[in-house]
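Work the whole structure out from these sequences, hints included.
First to last, the sequence lines map onto chains A and B. As numbered in this note's numbering, residues 1315 to 1590 make up the first sequence, in order. As numbered in this note's numbering, residues 9 to 296 make up the second sequence, in order.
Incorrect hints may appear among the rest.
Unchecked claim - To list a few chain A residues with every Cβ distance to chain B over 10 Å, as calculated:
hint, residue
1, Leu1325
2, Ala1340
3, Leu1356
4, Thr1361
5, Leu1370
6, Val1384
7, Asp1406
8, Leu1407
9, Gly1438
10, Gly1446
11, Asp1452
12, Asp1489
13, Pro1503
14, Ala1561
15, Ser1584
Unchecked claim - Now the stretches of chain B that chain A is said to cover, found in silico as 3 or more residues with beta-carbon under 8 Å:
hint, segment
16, 57-69
17, 207-214
None of these hints come from the bench; they were simulated from the model. Built from N, CA and C at the ideal position, the CB exists for glycine as well.
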Amino acid sequence: MLLAIVAITMLFPFFWVVSTSLKFDAEIFSWPPVWIPSSLTLQQYVTCLQTANFTLYLFNSAFVTIMRTVFTVAVASLAGYAFARLHFRGRDLLFLAVLATLMIPFQAVLIPLFLLVKWIPLAGGNDLFGRGGIGWIDSYWGLIVPGVANAFDIFLFRQFFITVPQELEDAARIDGASDFGIFWRIMLPLSAAPTVVVIIFTFQSCWNEFLWPLVVIQSSKMRTVQLGLAQFAQQRLVDWGPLMAGAVVASLPVILIFLIMQRHFIQAVSTTGIKA
Amino acid sequence: MKRRQGLVAFFFLLPGIGLLIIFLLVPSIVVFYFSFTKYSVIEAPKWIGFLNFKELLLEDSIFKIATFNTAYYTLGTVPLTIVIGLILAVIVNAKIKFRTFFRVAFYLPVVTSIIAVSVIWMWLYNPTYGLLNYFLQKLSLPTQDWLFDVKLVMPSIILMSVWQRVGYIMILYLAGLQNIPDQLYGAAKIDGANKLNSFWYITLPLLKPITLFVFIITVIGAFQVFSQIYVMTGGGPASATTTIVHQLYVNAFRYFSMGYASAITVLLFLIIFSLSVLSFKFFGGRES
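What follows is the structure, given as structure tokens:
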């Protein structure tokens, strides 16, 4: 009984946003409120996607998120593999240094990062020394690249690669495989588990990212869906219908992935404890 | 088969470490330099020593308000999130029907983007058509202006933020609860302990390490609050919800006082960094 009340309270805002987004304006603004729309309409979604340009924002978000995820998996698996399986001097110390970067909050680098991205050489009208243009400001690169590498994902891959039996590697080496060959043909195909976790987390954090896009994006055609939603909320405070539709489309992709992969999600959060 | 693989390792690590150095390490050091300068992006940075910090700590009345608000938000969200998160964890750890459903339901707000969450709650808080006022009316209570009321705006933001985060804390506690062997409770039952006793004398003490970890990350998260403030109130009304990070953003990207904003960053950085060192120590300890 108590549980039911708690669950209803927790889920209620979701119910209400979906309900509102499927109503005609007359029922959105009726008092007392109408719980279930008497006739369903997609009108709010049409307004949101077409008039408010959310189709474009969704595309931007999807592109940036997919690119970021691909790069992250590539970069983190390579580094994680090196820390787990390759022998070189200073390995453990370097790994510790990488882990230490987890303590740097994103806000701490926001300002220098913005300037750095502005000064990227030979991009956005910049010369070789990063002057004269806007660099990666207001571009996909600016949204994608700075967030690609992070210690958490490297850590996850390392923890996995450490557990792979040495015999597999030895056998491949006897067969004449190169270091990269072992990584590419033996290790990577085995690493579905950490890859799924990294994809889930990267997708979630990139799709939901707000502060960085807010800073780096200036033109309306480059907005991500979160940015578009925030701007829409501030400019059109009376358009509650399309706004609710926008909230639904801005959160639906991650929610769907979560519902499909909830076992992985919850397990990953409870075993690693960080980044959510 | 131990052999040096320095060169191979170099190429494996180059993208990851290179990006970390360029986009994280270097900026986190450079920000300290900027904090001692006056810098408007258009002109080159000018060294002014501790002037930014002096102004920030002694003269800037808005920053004082922002610090107070951040503390308010932290004191409001942290205990509530932890206590409710723990209660939810205990509930969904019990052998109840549809256990997975409840876990998923309580975690759902965590994966929902903070912007969407903010927009949804703005609708719930709407003074004219919002459901919260409808419920108040039903209970014959006076309706409220929520986000437009100087006194009520911060509690409103806190309520929404707690709703969004409790699921995360729940999952962390759930992992801890599942590690407690059932025999302990069995033994306590034989000794005549009731459920509340066993919770108080067995569960809570055993969850202590997790509570410490949860406490630190929740505090760190609270100090970083920004998005919901930006979207829902813009720091208002009358600066009632402006926070440290909000001031950082406003100074850097609205006034383009990069040096001054960097000084704010440095203060925030020092607070969060020391908290992180604590949590890192703990996390490192848990791993081994």
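Structure versus earlier hints, numbers of those that do not hold, lowest first: Violated hints: 1, 14, 15, 16 and 17; rest satisfied.
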